[in-house]
Amino acid sequence: MNQHTAVTAVAEPQPASLPVRLAAGGGCAVAAVALGLVLAAPEAAADFECGEGNARIFFHDTTYTCQSGSVTYGLSPAVVKVCSNSGSNVVVEVQSERKKLRRTVELSNNHCAKFDPKGTTGAVVTVR
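Heads up, the final residue of the sequence shown is numbered 330 in the working numbering, and it's a clean run with no missing numbers.
Think of the hints as simulated: they come from the structure by calculation, not from any bench.
Computed from a prediction, not measured in an experiment: that's the story for all the values here.
Just to be clear, a hint being listed does not mean it is correct.
Said to hold, decoys possible - What follows is a list of derived Cβ distance ranges for each label pair:
| # | residue 1 | residue 2 | range |
| --- | --- | --- | --- |
| 1 | T323 | S288 | 28 to 34 Å |
| 2 | R300 | E254 | 34 to 40 Å |
| 3 | T323 | G271 | 18 to 24 Å |
The beta carbon of each residue, even a glycine, is placed where N, CA and C say it ideally should be.
Could you put the whole structure together from the sequences, leaning on the hints where they help?
The structure is reproduced here in C-alpha coordinates:
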(Lines of atoms letter the chains of each structure in order from A and count residues from 1; the text may use other names and numbers.)
(Lines give C-alpha, C1' and ligand atoms only; values in the text may rest on other atoms or scores of the structure.)
Protein backbone atom coordinates (compact mmCIF):
# COMPACT_ATOMS: atom_id res chain seq x y z
CA MET A 1 0.00 0.00 0.00
CA ASN A 2 1.35 3.39 -0.79
CA GLN A 3 1.12 6.42 1.41
CA HIS A 4 -1.95 7.87 -0.35
CA THR A 5 -4.18 4.78 -0.33
CA ALA A 6 -7.29 5.01 1.85
CA VAL A 7 -8.68 2.19 3.98
CA THR A 8 -12.23 2.03 5.30
CA ALA A 9 -12.87 0.16 8.54
CA VAL A 10 -16.35 -0.32 9.96
CA ALA A 11 -17.20 -1.53 13.45
CA GLU A 12 -19.98 -4.08 13.96
CA PRO A 13 -23.50 -2.63 13.55
CA GLN A 14 -24.39 -0.11 16.20
CA PRO A 15 -27.22 2.37 16.19
CA ALA A 16 -26.23 5.49 14.26
CA SER A 17 -22.80 4.09 13.40
CA LEU A 18 -20.96 5.47 10.40
CA PRO A 19 -17.95 4.12 8.49
CA VAL A 20 -14.65 5.41 9.75
CA ARG A 21 -12.22 6.48 7.04
CA LEU A 22 -8.54 6.14 7.86
CA ALA A 23 -5.55 7.37 5.87
CA ALA A 24 -3.18 4.49 5.16
CA GLY A 25 0.50 4.66 5.85
CA GLY A 26 2.57 4.38 8.98
CA GLY A 27 -0.23 5.64 11.24
CA CYS A 28 -3.05 3.43 9.88
CA ALA A 29 -2.63 0.61 12.39
CA VAL A 30 -2.17 3.08 15.22
CA ALA A 31 -5.37 4.93 14.21
CA ALA A 32 -7.34 1.68 14.02
CA VAL A 33 -6.08 0.65 17.46
CA ALA A 34 -6.90 4.10 18.85
CA LEU A 35 -10.46 3.68 17.59
CA GLY A 36 -10.66 0.19 19.06
CA LEU A 37 -11.41 -1.39 15.68
CA VAL A 38 -10.40 -4.89 14.74
CA LEU A 39 -9.78 -5.32 11.03
CA ALA A 40 -9.37 -9.10 11.29
CA ALA A 41 -10.84 -11.02 14.21
CA PRO A 42 -10.16 -14.64 15.14
CA GLU A 43 -12.72 -17.16 13.95
CA ALA A 44 -15.11 -18.15 16.72
CA ALA A 45 -18.35 -20.09 16.86
CA ALA A 46 -20.55 -17.12 15.92
CA ASP A 47 -23.65 -19.30 16.03
CA PHE A 48 -23.48 -20.37 19.68
CA GLU A 49 -26.48 -19.27 21.71
CA CYS A 50 -26.81 -17.91 25.22
CA GLY A 51 -29.99 -17.67 27.23
CA GLU A 52 -32.14 -14.55 27.07
CA GLY A 53 -30.69 -11.69 29.12
CA ASN A 54 -27.07 -12.79 28.63
CA ALA A 55 -24.17 -11.58 26.48
CA ARG A 56 -21.87 -13.58 24.22
CA ILE A 57 -18.19 -12.88 24.92
CA PHE A 58 -15.46 -13.90 22.44
CA PHE A 59 -11.77 -14.04 23.41
CA HIS A 60 -8.56 -13.69 21.39
CA ASP A 61 -7.73 -17.39 21.89
CA THR A 62 -10.94 -18.37 19.99
CA THR A 63 -12.79 -19.38 23.17
CA TYR A 64 -16.14 -17.87 24.11
CA THR A 65 -18.62 -17.78 26.98
CA CYS A 66 -22.07 -16.62 28.01
CA GLN A 67 -22.26 -13.96 30.71
CA SER A 68 -24.76 -12.25 32.96
CA GLY A 69 -24.03 -9.62 35.62
CA SER A 70 -20.73 -7.73 35.61
CA VAL A 71 -17.32 -9.30 34.95
CA THR A 72 -13.87 -7.72 34.64
CA TYR A 73 -11.60 -9.36 32.05
CA GLY A 74 -7.84 -8.89 31.80
CA LEU A 75 -5.48 -9.61 28.92
CA SER A 76 -5.39 -13.38 29.13
CA PRO A 77 -7.67 -14.18 27.47
CA ALA A 78 -8.47 -10.75 26.07
CA VAL A 79 -12.00 -9.81 24.96
CA VAL A 80 -12.16 -9.23 21.18
CA LYS A 81 -15.93 -9.28 20.56
CA VAL A 82 -19.09 -8.83 22.64
CA CYS A 83 -22.66 -9.47 21.43
CA SER A 84 -25.90 -8.64 23.19
CA ASN A 85 -28.72 -11.17 23.21
CA SER A 86 -32.45 -10.72 23.18
CA GLY A 87 -33.54 -9.09 26.40
CA SER A 88 -30.08 -7.83 27.35
CA ASN A 89 -28.45 -4.42 27.39
CA VAL A 90 -24.67 -4.71 27.51
CA VAL A 91 -22.12 -2.05 28.47
CA VAL A 92 -18.46 -2.68 27.62
CA GLU A 93 -15.86 -0.43 29.22
CA VAL A 94 -12.48 -0.81 27.53
CA GLN A 95 -9.68 -0.05 29.97
CA SER A 96 -6.24 1.31 29.11
CA GLU A 97 -3.43 3.26 30.66
CA ARG A 98 -3.77 5.67 27.72
CA LYS A 99 -6.82 7.95 27.77
CA LYS A 100 -7.41 7.85 24.03
CA LEU A 101 -7.78 4.06 24.02
CA ARG A 102 -10.44 4.02 26.76
CA ARG A 103 -14.05 3.87 25.60
CA THR A 104 -17.52 2.71 26.56
CA VAL A 105 -19.82 0.86 24.14
CA GLU A 106 -23.50 0.10 24.76
CA LEU A 107 -25.12 -2.81 22.91
CA SER A 108 -28.67 -4.17 22.67
CA ASN A 109 -30.96 -5.96 20.20
CA ASN A 110 -28.42 -8.62 19.18
CA HIS A 111 -25.76 -6.08 18.14
CA CYS A 112 -22.04 -6.83 18.44
CA ALA A 113 -18.85 -4.80 18.82
CA LYS A 114 -15.26 -5.87 18.12
CA PHE A 115 -12.26 -4.74 20.16
CA ASP A 116 -8.52 -4.76 19.57
CA PRO A 117 -6.75 -5.78 22.78
CA LYS A 118 -3.50 -4.03 21.77
CA GLY A 119 -2.82 -1.15 24.13
CA THR A 120 -5.67 -2.05 26.48
CA THR A 121 -5.40 -3.44 29.99
CA GLY A 122 -8.77 -5.20 30.00
CA ALA A 123 -12.51 -4.74 29.75
CA VAL A 124 -15.47 -4.63 32.10
CA VAL A 125 -18.60 -6.20 30.59
CA THR A 126 -21.90 -5.48 32.36
CA VAL A 127 -25.14 -7.16 31.31
CA ARG A 128 -28.37 -5.53 32.45
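Hint-by-hint comparison with the structure:
1. T323 <-> S288: 28 to 34 Å: holds, 31 Å
2. R300 <-> E254: 34 to 40 Å: Given a distance of about 36 Å, which is inside 34 to 40 Å, the answer is holds.
3. T323 <-> G271: 18 to 24 Å: holds, 21 Å
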